[in-house]
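**Student:** The chain contents come next:
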Amino acid sequence: MSQVRVNSAEAAKGRVSPEQERAARGELHSQLVQVNLGPHHPSTHGVLHFFVTLDSETVVDLRLIFGYLHRSMEKLFEGRTYVGNVALTDRMDYTASMLNNWGWCLCCEKLAGLEVNERSQCLRTIAGELSRLSSHLIGTGVFGQDVGVLVTSVMWGFNWREEVLQCLDDLSGARMMYNFIRPGGVRADADAPEGWSDKVRKVMDGLPRHIEDFHRLMTTNEIFRARTIGVGVLDPTDAVASSVTGPTLRGSGVKYDVRRAHPYGIYPELDFEVPVGENGDCFDRYMVRIWEMEQSRKIILQALDRLDATEPGNLGKAPKVFKPPPGDAYAEIEGAKGCLGFYLKSDGGLEPYRAKLRSPSFINLTALPAMCIGWKIADVIAIFGSIDINMGEVDR
Amino acid sequence: MIALDDISSIGNWLRQVLVGFGLRGGLLDGVLAFIAVFVVANFALANGGLMSFVWRREMAMIQDRRGPNRVGPNGLFQFLADGIKMILKQAMVPRGADRLLFLVTPVIATFPFIMAYLVIPFSRGGTLADVNVGVLYLFAITSLAFPAVFLAGWSSNNKYSMLGGMRAIAQLLAFEVPLTMSALGVVLLTGSLSTQGVVMSQHNLWFIFPQAIGAAIFFIAGMAENAAHPFDLPEAESEIVAGYYTEYSGIMFGLFFLAELGTTWTLGAIFTTFFLGGWQPLVPFLSFVPPLVWFLAKSYLMFFIFTLVRFSMPRFRIDQFLSFGWKVLVPASFANLAVSAAEVALTKGFFQP
Chain A
1 MSQVRVNSAE AAKGRVSPEQ ERAARGELHS QLVQVNLGPH HPSTHGVLHF
51 FVTLDSETVV DLRLIFGYLH RSMEKLFEGR TYVGNVALTD RMDYTASMLN
101 NWGWCLCCEK LAGLEVNERS QCLRTIAGEL SRLSSHLIGT GVFGQDVGVL
151 VTSVMWGFNW REEVLQCLDD LSGARMMYNF IRPGGVRADA DAPEGWSDKV
201 RKVMDGLPRH IEDFHRLMTT NEIFRARTIG VGVLDPTDAV ASSVTGPTLR
251 GSGVKYDVRR AHPYGIYPEL DFEVPVGENG DCFDRYMVRI WEMEQSRKII
301 LQALDRLDAT EPGNLGKAPK VFKPPPGDAY AEIEGAKGCL GFYLKSDGGL
351 EPYRAKLRSP SFINLTALPA MCIGWKIADV IAIFGSIDIN MGEVDR
Chain B
1 MIALDDISSI GNWLRQVLVG FGLRGGLLDG VLAFIAVFVV ANFALANGGL
51 MSFVWRREMA MIQDRRGPNR VGPNGLFQFL ADGIKMILKQ AMVPRGADRL
101 LFLVTPVIAT FPFIMAYLVI PFSRGGTLAD VNVGVLYLFA ITSLAFPAVF
151 LAGWSSNNKY SMLGGMRAIA QLLAFEVPLT MSALGVVLLT GSLSTQGVVM
201 SQHNLWFIFP QAIGAAIFFI AGMAENAAHP FDLPEAESEI VAGYYTEYSG
251 IMFGLFFLAE LGTTWTLGAI FTTFFLGGWQ PLVPFLSFVP PLVWFLAKSY
301 LMFFIFTLVR FSMPRFRIDQ FLSFGWKVLV PASFANLAVS AAEVALTKGF
351 FQP
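Residue numbers (our numbering), protein chains in the order written: chain A, 1 to 396; chain B, 1 to 353.
Next comes chain A alone, as it looks inside the complex (with noise of 0.2 Å):
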């Protein structure tokens, strides 16, 4: 910051020009303040920490610090086995842990070459999905809390986001951290329970209602638009350059889904749109969770029905020793926050060489800092709110 001195015996004489004067007046900034946003803080979702420097209420830069949850997972993988392993995915991104099981034994399959049968694959698909709408249901919660809604928003989130937990945990026996997927299928002891279908199908039945009561309490809200529209524009070129993935690379406008790009599981035959956004601001972000809720729903019932037309029991051929060959893989998924991938090196034997993770929310985040300058406080929140991450995923 140039200072522009002021003579002041001059001054006193009279003779600071007008120029002077207003160029001394144009300096008066006020003095820049740097507040340390988290990790203590109740919009961090987690332990996330923001070094901001503001200018009065405007923010000159931001820098993300994390690693506060940090549990070195790569390394805990290779002392497990690759089956122990699913447990300890689960407590990675913990809002949708079934993906999260379901991406390293995607992985594991393409290291060992194993086929998945059909029921096992669709029980897969409900789980993951229904563990999709339970993380979009938190996602657009805690959003419209950051927005300012009070917690009411995320009480409504999490009451119906229970109703998809009860469906999961009939199904697995846990509410969170299933350790359901098995590298070849899934548990042997955890098939459907009888009417399961059914209670799975009723609840589906209740979401777009929860979606319309979203609608007319955030959507549709004069100070919520006020709040979200046009604010934190990610525009597309960017979002690819900083390898953005999921909802948030979508509500940039990029038709990109893992789903739908490099298909797996048995998505290429079920019929479901890819939503996208226009401007890439807060507002087309949230849409398209709200969207792809509704998309998740239009799988499960497919899959649903598909379920229904296979025989109870009948799981495929999980190992109940898996031990692929030497050799490495790469497989990725569309998790709830983005592509989540894993690479897994094997050297022949019951623990995995080496274990690599692509975290979405770690990634995403990373465009964080460029979408927040210039704005204020307020709106680092909301898009922070709005680019949804999991702190469990970020730091591992």
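Derived pair list, reagent style DSS-like, types lysine-lysine, alpha-carbon separation capped at 30 Å:
id	chain 1	residue 1	chain 2	residue 2
1	B	159	A	376
2	A	356	A	323
3	A	110	A	298
4	B	159	B	89
5	B	327	A	376
6	A	75	A	345
Here chain B is said to cover these stretches of chain A; the calculated rule only asks that three of the stretch's residues, wherever they fall, bring their Cβ under 8 Å from a Cβ of chain B:
id	stretch
7	37-48
8	149-163
9	210-221
10	224-237
11	371-379
No lab work stands behind these hints, which were simulated from the structure alone.
Beta carbons are placed, not taken as given, at the ideal position from N, Cα and C, and that holds for glycine.
Got chain A sorted already, so can you dock chain B onto it with the hints?
**Tutor:** Chain B in isolation, oriented as in the chain A frame:
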């Protein structure tokens, strides 16, 4: 027996009792005033506490939760339990804080809403002090809460608090003008600054009908004045943690909380006085219901509506909020003033007390 329809009869009864004890002259007046102020101030505090219970249950209702329902009947005494807890907790003063200001600010924040009770017309003749500048006094005293907010933000030695305090001052400047201007229409129609006079002159028609714009502006600007939810930028919990009271703990936080809810209720009472006919009954044939009941019912209803808005609206951003105040509410309040002037000319004597 005390007739509830006229609070002044309670005063007369009390005066006779005191005369019976042998009190005379200035001492009698002093003791009477002390008792009256004691009762009303305690009502103000207890009511503020009770409102925290209503507030929490209402929030729970909107959010599909139960809310406090364990202490006392349906959780009614939760606020007492909370109060005791907060009194017993340690009240910390952060290092580097301006100790004196930091400690005295919660008290400054609490007293305006209690002071406002001085001129609130609870019933016919039921005002502690029916001064002839009552309306002016109300606005003067309620706006004292904002300096307290700023002092809290400044003395805490915390950047979040400082941001909250700065926002509070900007908010005060932007919303005090339309708030006062919106009530000016009522004053024009009444021709008096006495709060009892305002209520009296609504015996034909409540002011919410001729003063609809004014009522709307008062509702919005009043919530802003109260720093209540869609306008709670000084404490914006998702952005600046808890804003000006981030560093406050124990009963000091409790006083801020009490002041906020107490002010909401007072605001409802002022709204009732100005626009909903105060203690006047809804329709004349319902006048057998005591005026005090009418007044309290309307005030609680307004509190309910104020809090209903709180839990269903996102929060403004500071720049949007200030431009809303300066560019929408201030011109609208001027327009309201013009409308009121026309109404005064057209309805000569209709709204006189």
